[in-house]
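> Residue numbers (the numbering used here), protein chains in the order written: chain P, 561 to 718; chain C, -7 to 735.
Since the hints were made in silico from the structure, they are not lab data. C-beta: ideal position from N, C-alpha, C; glycine also. Treat the hints with caution; some may be incorrect.
Across the chosen pairs, the derived CB separations fall in these ranges [to be verified]:
| hint | chain 1 | residue 1 | chain 2 | residue 2 | range |
| --- | --- | --- | --- | --- | --- |
| 1 | P | D614 | C | K612 | 49 to 55 angstroms |
| 2 | C | D298 | P | H604 | 36 to 42 angstroms |
| 3 | P | K717 | C | P671 | 35 to 41 angstroms |
| 4 | P | S714 | C | N502 | 50 to 56 angstroms |
| 5 | C | P632 | P | S714 | 23 to 29 angstroms |
| 6 | C | E284 | P | L603 | 25 to 31 angstroms |
| 7 | P | H604 | C | P412 | 51 to 57 angstroms |
| 8 | P | L603 | C | P230 | 17 to 23 angstroms |
| 9 | P | K616 | C | S164 | 52 to 58 angstroms |
| 10 | C | E613 | P | D614 | 39 to 45 angstroms |
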Amino acid sequence: MAKSIQLDVNGKIQQIEVDEEEPLLYILREDFGLNGPKFGCGLHQCGACMVLVDGKASYSCIQPSVTFEGKKIETIEGLHESEENLHPLQKAFYEEQAAQCGYCLNGMMMAALELLSANPKPSEQEIRNSLDKVICRCGTHSRFIKAVKKAAQSNSKF
Amino acid sequence: MKFPQTDRRTFLKTTGHLLIGFNLFPFIQCTPLDDSRSDLPEYMGIPERPHLGRDLIDSWIRLDAKGHITVLTGKKELGQGIRTALLQIAADELEVEIERCHIINGDTGQTANEGYTSGSNSIEGSGMAIRRAASEAKYFLMQLAAENWKVELSQVSAKDGTIFGPGKMSISYWELVNGKYYEKTISDIAPILDFNKHKYVGKPVPREDIKTLVLGKSHFVHDLRFQDMVHARILHPPTYKAKLKQLDQSTVASMDGVIKVIVDGSFVAVIAKREYQAIKAWQILKTMCVWEVNKINILPEKLFQDMKLNAQKPQIIEDSLGITGKINASPAKFKASYRRPYHMHASAGPSCALAMWENGQLTVWSPTQGVYPLQETLSDLFGIEKDKIRCIGIPGSGCYGHNGADDVSAEAALISKHYPGFPVRLQWMREDEHQWEPYGSAMIMELEAGMDEKGKIQAWDTHIWSDSHSTRPRGEAGHFISARHLENPILFQKGGYSGGAYRNATPLYNIPSKRLQLYNYDGPLRSSALRGLGAYGNIFALESFMDELAHLADMDPLEFRIKNLDDWRAKAVLEKLAEKTNWSSLDRSGNKGYGIAFAKYKNSAAYFAVMAEIEKHPEKEAFKLTRMVSVIEAGQCINPDGIINQTEGGMIQSASWTLMEEVKYDANGVLSKDWNTYPILRSQETPEVEVHLINRPELPPLGAGEAAQGPVAAAIANAVFDATGNRVRDLPLKPEKIEWAKI
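With the rest of the complex left out, here is chain C:
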């Protein structure tokens, strides 16, 4: 594995490949994830070159002499379909067939540093960078043709990969570039193509990687197989902060296929020739380790009490003078408190990564959401320069935030350091994933508001208690779980609490006085970013509370929301929801109940409104979520089927969190260690889902992947209230929390 230098001049000088870059003669390299399609000459990839700056066109787009286009993005494919969406943007802006386009996602050896693939930011960030670079590339080609033909730029045009000039002059992009290297910077003068001319953007272009998946071809980091690859398993301690007291390695060391047992403080791992040999050794090691266990003091029944007692002094996020007086003086006022438990990402495939050390340099093949932050944090872990570490992003099992992906990558690197020269594949066991991932934090949301006689909200006061929603590694090795277990441990310092806790806590509704206070809390379980972060709990509370206020005002909850909104796009999704669900004429006489909820994700991304339908069965003291209908508007829609797929998934996942899920633990550690102890929604219980899309191609695209999480929770709670008259403010929303006797 060659490690490209990061300095451009040195690189160009030392390699002598001055033709590298925007255009070049392709030569073979390993790009196992690219689909070769169509009748074009076979795609051979592009020569590897480090990212040389965001202002260069070829940092994002490269053309080769055979008619292939390679798009480079720092964003990772996580199953959200970003590869397809970015290819659609590039193909349209360059005005070429999408079959010519290929993509490289997240590789510190090649792509831009675009941080983490998180927060539904990829289209707004990378997508727009690629759109700009593609428009500049096409514009440059048109200038070049005009110069060659000695005509004015205004006399040339581009279409379908060809430049046209006066008369019958025409030349394809590839003939024009003719194997030369052009270093061009993004000038911001190239015009962006009018959306009416889009051929791919706005169309449901199918994800070709789904074909790879149905064929059973290599796709996941789990599927990588290298020459001389060995297998590893890690033995995590039984609880956080447990210390290894004693371990007799002799039995395991002599087992078939075992290459090495690694013990470094409380970090225990095994390397074997075959995967099953590593698992067998891991099972024996588990019985041989003697641990000093550190008990968890704050037990579930005391958690919320402790949160209020021991949180820090409030951080005032938004203030409004005299708000308490305004609420008290209001003709109608209301106060309520809501809670959510710890939830887990619970990826279907346990985290997996490969690592190899060679000549003091490290390569990691990782399912991380951010190859550059991973590289930086590994540099801190091993005390070596970043340019000696290459992180190559490969799809993992769906992560939905900060799961075990970074931890497993660091562990693979730690293990492989003991066995240099060989690629080491480490996969977690199911219990590692369930017990060691960082959870979405438990939270308390306390809301109070005052309204006038006409149902207009005048003042809104929010108090939130929460642990951190982002402990992602961003350069400090203590954020890797296993770095804390080493003989010379690297301690974890939580650092600043991110804004994630109060995401979406400020109502989008038009309210004259608003206050928001956050009480940061250091909780008993490891926590970090889970899809939507604090927005899940905050919108559950806010939109349940809106329903309670509507009830108090004796107004229809949908009309009540529209009355308190100014934003026309927000009103439009609610109006469309009313139309698609026949909201005003739903039959409530039987055993059904209906609830709605709305949010604009982060108050800056996609608009989303949803209706939940439940069916109550008082005789069985049970209810069932039968149907959900939603409307989403995310500005210019790149791939409608992609947005719908993500939204359906978000709705079903959030329904699962809301109805069933909570991480269980006791003094001796996390009890939710598999699918029986942490059940999630399965096919039998999955509600019908229906997603309607409003496309606004004239407006900039907005992040959509997390929009459903919060509103779905509130819509279900509101439907339960509608059907049973019971207001459940404490998630998960289980039937035993309903007073069936009173119905």
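Chain P on its own, in the form it takes in the complex:
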């Protein structure tokens, strides 16, 4: 069934017609033209599709978009002011060159943001626990951990 809903994505509120069953992920990619959240498993196992929902890193691949009405949805596209002025987490990931293929990068950054906003000075174990929900196949974990540490040391507010 089609339904008209309002979604708040990266601070912009947009009215869209959706299939009531359609998960948020496909709406974000097709209607909002976003690339950050990705299809990885559709099973809540890999974290490729994560977005921040009211500040919490959440899967977007199963839950219908209608359940996100009235919530604040954020993706990596919404982090930076401009391409020259990166968000501290983006900056840390870039400076640490924390990517190989980069498919999991969105999930890793979302998981890190959720952690840093609640806990600006996390321990290494806390960082590992947070990133654990995201699958990386290239073996870039050690760089992700370093990048999150670096972002935490930047004393930015997340």
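Knowing the structure of chain P, use the given hints to seat chain C on it.
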């Protein structure tokens, strides 16, 4: 989409663009992957032109009138950072700022045919071709300036994109060329720049595509969006060789957004307007299909037994007369057998490709590792000329070898043939990726050796049992999985087994008598190239065996290796590893154990030595891989951070294969269908990794991307032995394989 002709004369005649090529007035084209940076005039790409031969400079390097340089390579960016490394090489050799340089990777409409991006060959192959072409381009510009100025060539020099002559004469490359077309061939007379003058090579130039990624900009084939694009899903059979008996399409055909259901024999797919509509239809189709399932006969518990019983007669790769007698006559001898299971590539993002048919011509946007082999195999699949097919390489999720990238490209092409004029985007579901990709083959490695009293190895005998490590499509459509499912199936013929199975099976150690025999085996699961191919299993066995021999000789395993090596570069990585790990003074009194391993990848590429540290917890009957330290030497290092990143990744990935992974299956098919049924290493369990690099800028660069895979497996097994006294010869190295009661 225009399809360029492949014949140069016709092309030049028909287009009338005689100014095309080495230098030209740029005009707009779609190059979505190029970064425009700096204060230069905006980069507008280059006009598309087919590759006209490897001997032409402009097949690799083009300059435009505004000061941009475009590098063309047949190699694909796979997340290994090849774009950045090739740009560093080109910028240095041309002596220009790297910000001026752009790159086009793998496009049958534009770049050279450089086969597959595999085997850690890109720097040694494409990198050196680009270096030569760039040096020739600069040399040509210097000749041109000398002619214009009527001075001797010896009186001109080039620096920072400018040619300098006697007195105050100078002219920039772009002013000099001034919009003219020069067709120049590679003469091999241009001098290669001295490495001491390199500004970028050897420096950790950051990968700019990582900025694209952190910003969430379009990067992957998954991110391509074209006007009128439609979405597809494919329904693979439940098992290999299953046949579709019955399918009622009516429910799906009437679903919202569904454009078409395609059934061709046992090939079932659906096209819809939106991605989720295609997925919903796919879910319903799954319940509607009735299959005749072909059971798998060789079950996991019988696999290794069957391998020995039913493999072909041995292929003798290397022989040594009287080797058995020599081993038997040795004062110390030893024999052991090692096994590895099937492993999967398990890409994080399911394979995805786009295809469009228009006027009998096909364009495929593909994450393939080889656009030309893909083009050739599609030509076989559809029975049309190659020049009617264009394959454009776009990054996919990391592939680590032959995963689903080629299959999904062929399937997108098969599906879109039923809906011409529209770009069709096909993405696999997670279960497609896990169950249908070709796996790294299970293997048995049996080793026997004899030593003298001083710990010098005298004879070494290897027997390997393995399925194929390369079934990549190279022109035969049966290598696409779905070609086998069509109403008129194109059968798969495995063809010759590649050398991949015995990669690195011959020890690099100085041993007077060596024999190597390979038993090719046709196994129950689909197999092909996975990072390192047979080298993973072979080095696991070889370097575990070296540890066993060292133990037998009562020698330190690191000293034992050095004693049996002649190659000074090999010894140097081991010596550096000893220094970086304080090998001789490690504390073994507690619950820690340490193991080392070494290999020169393919016996011809990078040197790599690694130490693994494990922590045992007998009370929990468990152990943990806590730390790995490695040393890599790959000759001239193009980008140190790039090599370190690749090596860290290879170490962590190999640790995951070694500790946790094995493809599970039963008579009814593959059971490893997602991340719960095929768990891999995650952040909590990731060991600390430390990579040390030896740079030898005076020596040619060596392939480095796969060097870690085998040695890491053996180092972990050797560390487990060190800590527990248990020798595990059967991967994965799970705690239940250790006899904890005896510790």
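> Could you check the structure against the hints above and give me the numbers of any it violates, in ascending order?
1 and 7
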